Amino acid sequence: EPEVTQTPSHQVTQMGQEVILRCVPISNHLYFYWYRQILGQKVEFLVSFYNNEISEKSEIFDDQFSVERPDGSNFTLKIRSTKLEDSAMYFCASSEWTEGGYTFGSGTRLTVV
Amino acid sequence: RKEVEQDPGPFNVPEGATVAFNCTYSNSASQSFFWYRQDCRKEPKLLMSVYSSGNEDGRFTAQLNRASQYISLLIRDSKLSDSATYLCVVYGEYGNKLVFGAGTILRVKS
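The listed protein sequences correspond, in order, to chains A and B.
The first sequence begins at 1 in my numbering and counts up one residue at a time.
The second sequence begins at 1 in my numbering and counts up one residue at a time.
Excised from the complex, chain A in its bound form (with noise of 0.2 Å):
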């Protein structure tokens, strides 16, 4: 079953470090989201990305987000200066068509210290 890759599946950093959070969404798809969630919340929106571009992005995906897709095959997530609420598990996930259903790649836990 195809599916959604990240990497690294966990990620330390220092306050006001940027960190890259990779993911390969499946290769059919056309649309590709971020999400996070914090430990004991709900998963939340951060952004949504089609033919190269933004398509929606939330309150949360502020200044300090950007999101690239650099190759065919890869879609990034940057955060460049990290703050401590910025821990959270990162989730990438992919679709074929808009309203169906997303595939969620495992996670990206990041740990701002």
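Errors might be hidden in some of the hints.
Here are the simulated distance ranges between beta carbons [to be verified]:
{"id": "1", "chain 1": "A", "residue 1": "K83", "chain 2": "B", "residue 2": "R76", "range": "29 to 37 Å"}
{"id": "2", "chain 1": "B", "residue 1": "C40", "chain 2": "A", "residue 2": "N74", "range": "22 to 30 Å"}
{"id": "3", "chain 1": "A", "residue 1": "Q41", "chain 2": "B", "residue 2": "L46", "range": "14 to 22 Å"}
{"id": "4", "chain 1": "B", "residue 1": "Q69", "chain 2": "A", "residue 2": "S9", "range": "36 to 44 Å"}
{"id": "5", "chain 1": "B", "residue 1": "P14", "chain 2": "A", "residue 2": "R22", "range": "40 to 48 Å"}
{"id": "6", "chain 1": "B", "residue 1": "A20", "chain 2": "A", "residue 2": "D62", "range": "35 to 43 Å"}
{"id": "7", "chain 1": "B", "residue 1": "D7", "chain 2": "A", "residue 2": "T111", "range": "27 to 35 Å"}
{"id": "8", "chain 1": "A", "residue 1": "P70", "chain 2": "B", "residue 2": "N65", "range": "28 to 36 Å"}
{"id": "9", "chain 1": "A", "residue 1": "S9", "chain 2": "B", "residue 2": "E3", "range": "25 to 33 Å"}
{"id": "10", "chain 1": "A", "residue 1": "E85", "chain 2": "B", "residue 2": "S28", "range": "30 to 38 Å"}
Pairs of lysine-lysine, DSBU-like flavour, derived with a Cα cap of 35 Å [what the hints assert, rightly or not]:
{"id": "11", "chain 1": "B", "residue 1": "K109", "chain 2": "A", "residue 2": "K83"}
{"id": "12", "chain 1": "A", "residue 1": "K42", "chain 2": "B", "residue 2": "K109"}
{"id": "13", "chain 1": "A", "residue 1": "K78", "chain 2": "A", "residue 2": "K42"}
{"id": "14", "chain 1": "B", "residue 1": "K79", "chain 2": "A", "residue 2": "K57"}
{"id": "15", "chain 1": "B", "residue 1": "K109", "chain 2": "A", "residue 2": "K78"}
{"id": "16", "chain 1": "B", "residue 1": "K42", "chain 2": "A", "residue 2": "K42"}
{"id": "17", "chain 1": "B", "residue 1": "K79", "chain 2": "B", "residue 2": "K109"}
{"id": "18", "chain 1": "B", "residue 1": "K109", "chain 2": "A", "residue 2": "K57"}
{"id": "19", "chain 1": "A", "residue 1": "K57", "chain 2": "A", "residue 2": "K42"}
{"id": "20", "chain 1": "B", "residue 1": "K79", "chain 2": "A", "residue 2": "K78"}
{"id": "21", "chain 1": "B", "residue 1": "K79", "chain 2": "A", "residue 2": "K42"}
{"id": "22", "chain 1": "B", "residue 1": "K79", "chain 2": "B", "residue 2": "K45"}
{"id": "23", "chain 1": "A", "residue 1": "K83", "chain 2": "B", "residue 2": "K45"}
{"id": "24", "chain 1": "B", "residue 1": "K109", "chain 2": "B", "residue 2": "K42"}
{"id": "25", "chain 1": "B", "residue 1": "K45", "chain 2": "B", "residue 2": "K109"}
{"id": "26", "chain 1": "A", "residue 1": "K78", "chain 2": "A", "residue 2": "K57"}
{"id": "27", "chain 1": "B", "residue 1": "K42", "chain 2": "A", "residue 2": "K78"}
{"id": "28", "chain 1": "B", "residue 1": "K79", "chain 2": "B", "residue 2": "K42"}
{"id": "29", "chain 1": "A", "residue 1": "K83", "chain 2": "A", "residue 2": "K57"}
{"id": "30", "chain 1": "A", "residue 1": "K42", "chain 2": "A", "residue 2": "K83"}
Far from chain A, some chain B residues (derived; all Cβ distances over 12 Å) [stated by the list, open to error]:
{"id": "31", "residue": "Q6"}
{"id": "32", "residue": "S26"}
{"id": "33", "residue": "Q38"}
{"id": "34", "residue": "G54"}
{"id": "35", "residue": "Y70"}
{"id": "36", "residue": "V89"}
Worth flagging that the hints you see were computed from the coordinates, not collected in a lab.
In this text the structure is predicted, and so the values were computed from the model without any measurement.
Glycine included, every Cβ here is placed at the ideal spot set by N, Cα and C.
Dock chain B against chain A, hints included.
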């Protein structure tokens, strides 16, 4: 705004029990509905889509009531392996994306 609301539980049930979860959503224009399952510290996994006519997948039955803006999931003959958090998910609740409920915890005990 209320978005997608679920009873957080936990629901503690014995093996073999039937258990039902409910979910409400606030935007009548929402288009697609799903139940996802999430194991502890893992990614959400699609359990099933939910259709107005109701749909069944083995021991799992999902129902959608658009008039009441209400979604349900019924699990029959619960197994220990059904223990997880069940997430009610709506597309089009606010924008063109999936919006997640906070989840309902199910614990099946022997």
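Okay, the hints, checked on the actual structure:
1. Judged by the Cβ atoms, the range 29 to 37 Å given for A:K83 and B:R76 is violated: they are separated by roughly 46 Å.
2. A beta carbon spacing of about 28 Å between B:C40 and A:N74 agrees with the range 22 to 30 Å that was offered as a hint.
3. As the Cβ distance of A:Q41 to B:L46 is approximately 21 Å, the hint placing it in 14 to 22 Å holds.
4. At about 38 Å, the CB distance of B:Q69 to A:S9 agrees with the hint of 36 to 44 Å.
5. A hinted range of 40 to 48 Å holds for the C-beta pair B:P14 and A:R22, which are about 43 Å apart.
6. At roughly 40 Å, the beta carbons of B:A20 and A:D62 sit within the given window of 35 to 43 Å.
7. Between B:D7 and A:T111 the beta carbons are some 31 Å apart, a value that agrees with the proposed interval 27 to 35 Å.
8. Distance hint check: the CB atoms of A:P70 and B:N65 are about 45 Å apart, inconsistent with the given range 28 to 36 Å.
9. About 30 Å separates the C-beta atoms of A:S9 and B:E3, a value consistent with the hinted range of 25 to 33 Å.
10. The supplied range of 30 to 38 Å is met by A:E85 and B:S28, whose beta-carbon atoms lie about 34 Å from each other.
11. Taking the CA atoms of B:K109 and A:K83, the gap is near 40 Å; set against the 35 Å cutoff, the hint is violated.
12. A C-alpha spacing of about 25 Å is found between A:K42 and B:K109, which places the hinted pair at or below 35 Å, so the restraint holds.
13. Restraint check for A:K78 and A:K42: the C-alpha separation of about 21 Å stays at or below 35 Å, so the hint holds.
14. Using a Cα cut-off of 35 Å, the hinted pair B:K79 and A:K57 is violated, with the two alpha carbons roughly 39 Å apart.
15. This hinted pair does not check out: B:K109 and A:K78 have alpha carbons roughly 42 Å apart, beyond 35 Å.
16. Between B:K42 and A:K42 the CA atoms are separated by roughly 13 Å; this keeps the pair inside 35 Å, and the hint holds.
17. Between B:K79 and B:K109 the alpha-carbon distance is near 8 Å, which keeps this suggested pair within the 35 Å criterion.
18. For the proposed pair B:K109 and A:K57, the alpha carbon gap of about 41 Å is over 35 Å, so the pair is violated.
19. Taken as a hint, the A:K57 and A:K42 pair is honoured in the structure, with Cα atoms around 17 Å apart against an allowance of 35 Å.
20. With a C-alpha separation of about 41 Å, the suggested pair B:K79 and A:K78 falls outside the 35 Å cut-off, and the hint is violated.
21. For a cut-off of 35 Å, the pair hint linking B:K79 to A:K42 stands: about 25 Å separates their Cα positions.
22. Under the criterion of a C-alpha separation no larger than 35 Å, the hint pairing B:K79 with B:K45 is consistent with the structure, at around 18 Å.
23. As the CA atoms of A:K83 and B:K45 are separated by approximately 29 Å, the hinted pair is consistent with the 35 Å bound.
24. Taken as a hint, the B:K109 and B:K42 pair is honoured in the structure, with Cα atoms around 21 Å apart against an allowance of 35 Å.
25. Taken as a hint, the B:K45 and B:K109 pair is honoured in the structure, with Cα atoms around 22 Å apart against an allowance of 35 Å.
26. Under the criterion of a C-alpha separation no larger than 35 Å, the hint pairing A:K78 with A:K57 is consistent with the structure, at around 14 Å.
27. At most 35 Å may separate the alpha-carbon atoms for a hinted pair to count; B:K42 and A:K78 meet this at roughly 22 Å.
28. Restraint check: the Cα-Cα separation between B:K79 and B:K42 comes to about 19 Å, which is no more than 35 Å; the hinted pair holds.
29. In summary, the hint linking A:K83 to A:K57 is supported, as the alpha carbons are separated by about 19 Å, within the 35 Å threshold.
30. With a CA separation close to 19 Å, the supplied pair A:K42 and A:K83 stays within the 35 Å bound.
31. A beta-carbon of chain A comes within 12 Å of the beta-carbon of B:Q6; the shortest separation is about 9 Å.
32. Residue-level check passed: B:S26 sits 15 Å from the nearest beta carbon of chain A, beyond 12 Å.
33. At the 12 Å boundary, the C-beta of B:Q38 falls inside the reach of chain A, the nearest C-beta of that chain being 8 Å off.
34. Look at B:G54: its CB is around 18 Å from the nearest CB on chain A, clear of 12 Å, so calling it non-interface holds up.
35. With 12 Å as the threshold on Cβ separation, the claim that B:Y70 sits away from chain A holds: the shortest Cβ distance comes to roughly 19 Å.
36. Here B:V89 does not stay apart from chain A, with its beta-carbon only about 8 Å from theirs, under the 12 Å limit.
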